[in-house]
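2 protein chains.
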Amino acid sequence: MPEIIGHNYIGGARSAVGTITLQSHDASSGQALPYHFVQATPEEVDAAAQAASAAYPAFRTLPASRRAEFLEAIATQLDALGDEFVALVTRETALPTGRIQGERGRTSGQMRLFAHVLRRGDFYDARIDRAQPERQPLPRVDLRQYRIGVGPVAVFGASNFPLAFSTAGGDTAAALAAGCPVVFKAHSGHMATAERVANAIIRAAEQTNMPKGVFNMIYGAGVGETLVKHPAIQAVGFTGSLKGGRALCDMAAARPHPIPVFAEMSSINPVLVLPEALQLRGEKIARELAASVVLGCGQFCTKPGLVIGICSPQLNVFIEHLSALMVEQPGQTMLNTGTLDSYSKGLQALHAHPRITHLAGCEQQGKQAQPQLFKADVSLLLNGDPLLQDEVFGPATVLIEVADKAELQRALQCLYGQLTATLIAETGDLQTHGELLSLLEQKVGRVLFNGYPTGVEVCDAMVHGGPYPATSDARGTSVGSVAIERFLRPVCYQNCPDALLPEPLKDANSLGIARLVDGNSTRQPL
Amino acid sequence: MPEIIGHNYIGGARSAVGTITLQSHDASSGQALPYHFVQATPEEVDAAAQAASAAYPAFRTLPASRRAEFLEAIATQLDALGDEFVALVTRETALPTGRIQGERGRTSGQMRLFAHVLRRGDFYDARIDRAQPERQPLPRVDLRQYRIGVGPVAVFGASNFPLAFSTAGGDTAAALAAGCPVVFKAHSGHMATAERVANAIIRAAEQTNMPKGVFNMIYGAGVGETLVKHPAIQAVGFTGSLKGGRALCDMAAARPHPIPVFAEMSSINPVLVLPEALQLRGEKIARELAASVVLGCGQFCTKPGLVIGICSPQLNVFIEHLSALMVEQPGQTMLNTGTLDSYSKGLQALHAHPRITHLAGCEQQGKQAQPQLFKADVSLLLNGDPLLQDEVFGPATVLIEVADKAELQRALQCLYGQLTATLIAETGDLQTHGELLSLLEQKVGRVLFNGYPTGVEVCDAMVHGGPYPATSDARGTSVGSVAIERFLRPVCYQNCPDALLPEPLKDANSLGIARLVDGNSTRQPL
Numbered sequence: 468m469p470e471i472i473g474h475n476y477i478g479g480a481r482s483a484v485g486t487i488t489l490q491s492h493d494a495s496s497g498q499a500l501p502y503h504f505v506q507a508t509p510e511e512v513d514a515a516a517q518a519a520s521a522a523y524p525a526f527r528t529l530p531a532s533r534r535a536e537f538l539e540a541i542a543t544q545l546d547a548l549g550d551e552f553v554a555l556v557t558r559e560t561a562l563p564t565g566r567i568q569g570e571r572g573r574t575s576g577q578m579r580l581f582a583h584v585l586r587r588g589d590f591y592d593a594r595i596d597r598a599q600p601e602r603q604p605l606p607r608v609d610l611r612q613y614r615i616g617v618g619p620v621a622v623f624g625a626s627n628f629p630l631a632f633s634t635a636g637g638d639t640a641a642a643l644a645a646g647c648p649v650v651f652k653a654h655s656g657h658m659a660t661a662e663r664v665a666n667a668i669i670r671a672a673e674q675t676n677m678p679k680g681v682f683n684m685i686y687g688a689g690v691g692e693t694l695v696k697h698p699a700i701q702a703v704g705f706t707g708s709l710k711g712g713r714a715l716c717d718m719a720a721a722r723p724h725p726i727p728v729f730a731e732m733s734s735i736n737p738v739l740v741l742p743e744a745l746q747l748r749g750e751k752i753a754r755e756l757a758a759s760v761v762l763g764c765g766q767f768c769t770k771p772g773l774v775i776g777i778c779s780p781q782l783n784v785f786i787e788h789l790s791a792l793m794v795e796q797p798g799q800t801m802l803n804t805g806t807l808d809s810y811s812k813g814l815q816a817l818h819a820h821p822r823i824t825h826l827a828g829c830e831q832q833g834k835q836a837q838p839q840l841f842k843a844d845v846s847l848l849l850n851g852d853p854l855l856q857d858e859v860f861g862p863a864t865v866l867i868e869v870a871d872k873a874e875l876q877r878a879l880q881c882l883y884g885q886l887t888a889t890l891i892a893e894t895g896d897l898q899t900h901g902e903l904l905s906l907l908e909q910k911v912g913r914v915l916f917n918g919y920p921t922g923v924e925v926c927d928a929m930v931h932g933g934p935y936p937a938t939s940d941a942r943g944t945s946v947g948s949v950a951i952e953r954f955l956r957p958v959c960y961q962n963c964p965d966a967l968l969p970e971p972l973k974d975a976n977s978l979g980i981a982r983l984v985d986g987n988s989t990r991q992p993l
Numbered sequence: 468m469p470e471i472i473g474h475n476y477i478g479g480a481r482s483a484v485g486t487i488t489l490q491s492h493d494a495s496s497g498q499a500l501p502y503h504f505v506q507a508t509p510e511e512v513d514a515a516a517q518a519a520s521a522a523y524p525a526f527r528t529l530p531a532s533r534r535a536e537f538l539e540a541i542a543t544q545l546d547a548l549g550d551e552f553v554a555l556v557t558r559e560t561a562l563p564t565g566r567i568q569g570e571r572g573r574t575s576g577q578m579r580l581f582a583h584v585l586r587r588g589d590f591y592d593a594r595i596d597r598a599q600p601e602r603q604p605l606p607r608v609d610l611r612q613y614r615i616g617v618g619p620v621a622v623f624g625a626s627n628f629p630l631a632f633s634t635a636g637g638d639t640a641a642a643l644a645a646g647c648p649v650v651f652k653a654h655s656g657h658m659a660t661a662e663r664v665a666n667a668i669i670r671a672a673e674q675t676n677m678p679k680g681v682f683n684m685i686y687g688a689g690v691g692e693t694l695v696k697h698p699a700i701q702a703v704g705f706t707g708s709l710k711g712g713r714a715l716c717d718m719a720a721a722r723p724h725p726i727p728v729f730a731e732m733s734s735i736n737p738v739l740v741l742p743e744a745l746q747l748r749g750e751k752i753a754r755e756l757a758a759s760v761v762l763g764c765g766q767f768c769t770k771p772g773l774v775i776g777i778c779s780p781q782l783n784v785f786i787e788h789l790s791a792l793m794v795e796q797p798g799q800t801m802l803n804t805g806t807l808d809s810y811s812k813g814l815q816a817l818h819a820h821p822r823i824t825h826l827a828g829c830e831q832q833g834k835q836a837q838p839q840l841f842k843a844d845v846s847l848l849l850n851g852d853p854l855l856q857d858e859v860f861g862p863a864t865v866l867i868e869v870a871d872k873a874e875l876q877r878a879l880q881c882l883y884g885q886l887t888a889t890l891i892a893e894t895g896d897l898q899t900h901g902e903l904l905s906l907l908e909q910k911v912g913r914v915l916f917n918g919y920p921t922g923v924e925v926c927d928a929m930v931h932g933g934p935y936p937a938t939s940d941a942r943g944t945s946v947g948s949v950a951i952e953r954f955l956r957p958v959c960y961q962n963c964p965d966a967l968l969p970e971p972l973k974d975a976n977s978l979g980i981a982r983l984v985d986g987n988s989t990r991q992p993l
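Here the protein sequences line up with chains A and B, keeping their order.
Quick note: to get our numbering, add 467 to the position in the first sequence (first position is 1).
Quick note: to get our numbering, add 467 to the position in the second sequence (first position is 1).
Just chain A, same shape as in the assembly (with noise of 0.2 Å):
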């Protein structure tokens, strides 16, 4: 393993000119690791765009094959980062070993996806519309269109997903499968893991000949503010809090020429539990439930933090055993100081409001989280509260009561965008209430029925992403193929000679890809 250096990564090349420098920390201990990490200077933030910039015109025109190969190499040198890797990862963000070895596997299988994705040849979106010179009153020309990556992409990666959303991550891989260089702010939760994944996408670079500057990465607080204003940089890409992803959007949309911010910010991922299922099997559904709330210490983006169920003996039953249960769950150590303290002031405000009242859960205090269990008046969310629909990023969960159907679908109309959406459901609930899934797709990106929304699987169908504020554009998705689109802008053709069209666009279709011509998909030469 080559030592942590903690310079910035820019251009192919390492580089400290700055002065100010930071640490990293053991996550269970607090002790500072044994690494310097050089914050970039403005200057450096620049060279960083630069370099993306000089290599977006060789890059974006790679066949995409070539592409796949960059993905397909980064995964093998992902899956090669050993158990010193790990040991280091589960150091920095006190997530255990197990959970590591999945996500490392979770971040190269991300990678071969979109390669998948690239040889696969949809996300191109080829369309062509031939020339008709005898049409009346006025001929059509000859028409073609694809889609090009839009240009250098900043990512800004989260602190509870050290690889699967982060300098590897799903946005790194979207943008570069869309042929968009990046310039990765690596988060202060985790330098040293960002700089060993840096290096094995800086090491599959090399190997298969990419342009200097397509991956570029940059060390520091608030170097963020300067990559997300500077002219090179055409979208950004974010996992991360409310405040901060809202701060960027904010940025973005004041530039001189605005970009796109597709963030992935806060959602309270609602739980809808049905009688009948409550009935049939409510104490399976509180263990279900409590452990996918306390699940990674409740620091996914898709924790269940709002249940809701309607007034009945089954539910009382229910909250019974779900707070005896969440009395039981241990303390666990979350990412860093800064998380923990989120953590509990977001407990005292709930401890503090008036019509919340606390089911279970340890008191707070120590350096780990405790799971804790409230119950809120249904008229915080009627009314409006904002309280209510803030994210409580840690292992809590709040329970909410309505009277009856009416009252259910009333609260479901004042959630805000979510992530997600889950109904625990009977047949017999879903007949009852079969309006609900109208209603829920109005305002999350994806409904599940009988799961449990932590656990966000990798694939076509997928979507990571909803309403504000749990993104800041609901067209996109963080997870899946899709993901590519939000880093695609199409361009089209007009009248232009076959040997200068890209190759998707030619006539002889070399790629055998699916084509919409003239209105018709095929895969067939003209």
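Worth flagging that the hints you see were computed from the coordinates, not collected in a lab.
Since we're looking at a predicted model, the values are computed, not measured.
All C-beta atoms, glycine included, are put in the ideal place defined by N, C-alpha and C.
Please note that a few of the clues may not be correct.
Stated by the list, open to error - Simulated coverage check for chain A against chain B, where a stretch passes if three residues somewhere in it have a Cβ under 8 Å from a Cβ of chain B: (1) 614 to 623; (2) 797 to 809.
What the hints assert, rightly or not - BS3-like cross-link-like pairs, simulated, lysine-lysine; straight-line CA separation at most 27 Å: (3) A:Lys910 / B:Lys973; (4) A:Lys679 / B:Lys910; (5) A:Lys910 / B:Lys679; (6) B:Lys696 / A:Lys696; (7) A:Lys812 / A:Lys710; (8) A:Lys710 / A:Lys696; (9) B:Lys910 / A:Lys696; (10) B:Lys710 / A:Lys696; (11) A:Lys973 / B:Lys910; (12) A:Lys679 / A:Lys751; (13) A:Lys910 / B:Lys696.
Following the hints, put chain B in place on chain A, whose structure we already have.
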């Protein structure tokens, strides 16, 4: 023909509670027309947005074929608007009869294209990843994704296309196709036209039994701000000036819950005239180019506002031809006095610049716009003088002479984002300047070869978009079938019972649409 009463269209009824009235004018004489339009009050704007919001749940869940019937009914109603209607539009806009007849056909054709897209079903982007209960280490759940309308859309029409980019124009057609009810802000330049067209839409909505509130229209100055800030509105379509579009973008970004704005704004549409082409057919090119510049009094977003040539004897000859032709072009009446004022001011700024020379054109005075040709020093482009990149809306264009190939590339790199760029070139030119295409792709939405950018085909492959400031979001187009994607967002269903799935995602695939099933495109049922 029903009387023009100038009341707002709210939820299928007419409303005029306000006290401010506006008048439309004869564009040629400046005289007020005998119609009064009642500016919507803030309460009426709210009611229009609420009506759209109320219509959304029912409208978005209609089978796509039902929305297609609605669009086709609108098309039929538009085609039926007869000579009296055409006369009215020409009166309000000073656009000639033939142009309005053509635009009417384009507008109904646009509706029919989206109806076709709805029946084709590719807009759903249906994706199914089937469950893999035996997968190790974790089973895979069943995940299915398709796209739904984002919610009510506010549309702002253009001055220069009273039909194709207005009440029943491309943005309205795309939003309705996507399942999004519309609140249209009538353009003050053609309110009588807007009323006639709104009546046609309402007739079609009634004929096809659409929910009330599927289409709403409000009159007035300043009502747009209330509309864009309304919480029910989920996206905005706009065609107009950079100033107006940017103001809407800023408002939308500053909302508590920001929404996307698709604004088509400002483009100077560079035309590159290359040496061999000039040598072979310089006079013809000059004729075609002059015709494109003055077409429709230069009131097209795609008017060639910048002509770039490489210093040579044939360029000199070409400039002489072009100057002679431009001076011959007659003055034309503009859309309204505001447009004429803007044109005059734009010309004054060009006249006043020390490094811009006036080559041809009668003095701008009186009630008509006089075609003009200017020549600017290339340093204006290289040094980023904003004047050169400002769109002058009207029959004027600016010529730039570059020293050589290298300077041409540097000049192009300095261009802002554009709707179009055009290469007038012979085979030899394209061999010498092969790198130009790659450079232009990065700047524009559409690259043309040996044609002129005015005239935008409505089809699957068209892109009428481009990087800022051509539009506010380069990932969109406001012409062509891809325009529907601006108003769609993906939703995912996890382990959803087949009976509850939307039709496009059910096992049976009764619609027979193409779906991505486990990574392969197929029309087969599961």
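> When the hints from earlier in the document are held up against this structure, which numbers fail?
Replying inline: Result: hints 2, 12 break, sorted rising.
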